[in-house]
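Build out the structure end to end from the sequences listed, making use of the hints.
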Amino acid sequence: MSTESSSRLDLPLAGLAALFLGSGTLHLVRPQVFEPIVPPALPEARKVVEVSGIAEIVCGLGLLHPKTRRIAGLASAALLVGVLPANVQMSVDAGKRANRKRTAKSGAYFAGTLARLPLQWPMIKVALRAGKGTGA
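Each number in this note's numbering comes from the position in the sequence shown (counting from 1) with 262 added on.
Worth flagging that the hints you see were computed from the coordinates, not collected in a lab.
Predicted, not measured: the structure shown is a model, and the values here were computed from it.
Don't be surprised by glycine CBs; every beta carbon is placed ideally from N, CA and C.
Treat the hints loosely; a few may be bogus.
Listed next, the in silico DSS-like pairs over lysine-lysine satisfying Cα-Cα at most 30 Å (straight line) [said to hold, decoys possible]:
#, residue 1, residue 2
1, Lys329, Lys394
2, Lys329, Lys367
3, Lys387, Lys309
4, Lys358, Lys309
Now the in silico label distances, taken between C-beta atoms and shown as ranges [to be verified]:
#, residue 1, residue 2, range
5, Pro305, Leu379, 39 to 47 Å
6, Lys367, Lys329, 44 to 52 Å
7, Ala366, Pro298, 15 to 23 Å
Below you can see the structure in the form of C-alpha cells.
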C-alpha cells in the first residue's frame, strides 16, 4: 500500500463523506423525520436516530483524514449495513402509503425509496476500500 493511494481523497470517498456529514446533521436537526423508519423492534426511536446521526458525522469526518480513514472506512461499512433495516422499513411504509393513497406523489416516493436500496452497495464498497487503506 502506498502512502499516496491511502491518503488520496477521490470523488467517491469525498461523496460518501459528504453524504454522511449531511445526513448525520439532518438526523440531529430534524430527528422526527427519521423516527418513523426506525424498525419497531428497536426501543427509543429518538435516541436511535440521534446516535446514528452522531455515528454518521464521526464516520464522515474520519473518512476525510488519511490517518483515520481506515478505521472510519470499516465503521462506515458497518454503519451502512446497520441502517439497511431502517431503509427497508422506509420502503415498506412508503409502499403501504402508496397503496392506500394511490396518488402519483406517494407512488413516486415509494419508487424512490426502492431505487435507493441498491445504492447502499456502492457506498459499502467505497467504505470497504477506504477500510483496506487502498483509497476509494
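Of the numbered hints stated previously, which ones are contradicted by the structure, given in increasing order?
Violated hints: 2 and 5; rest satisfied.
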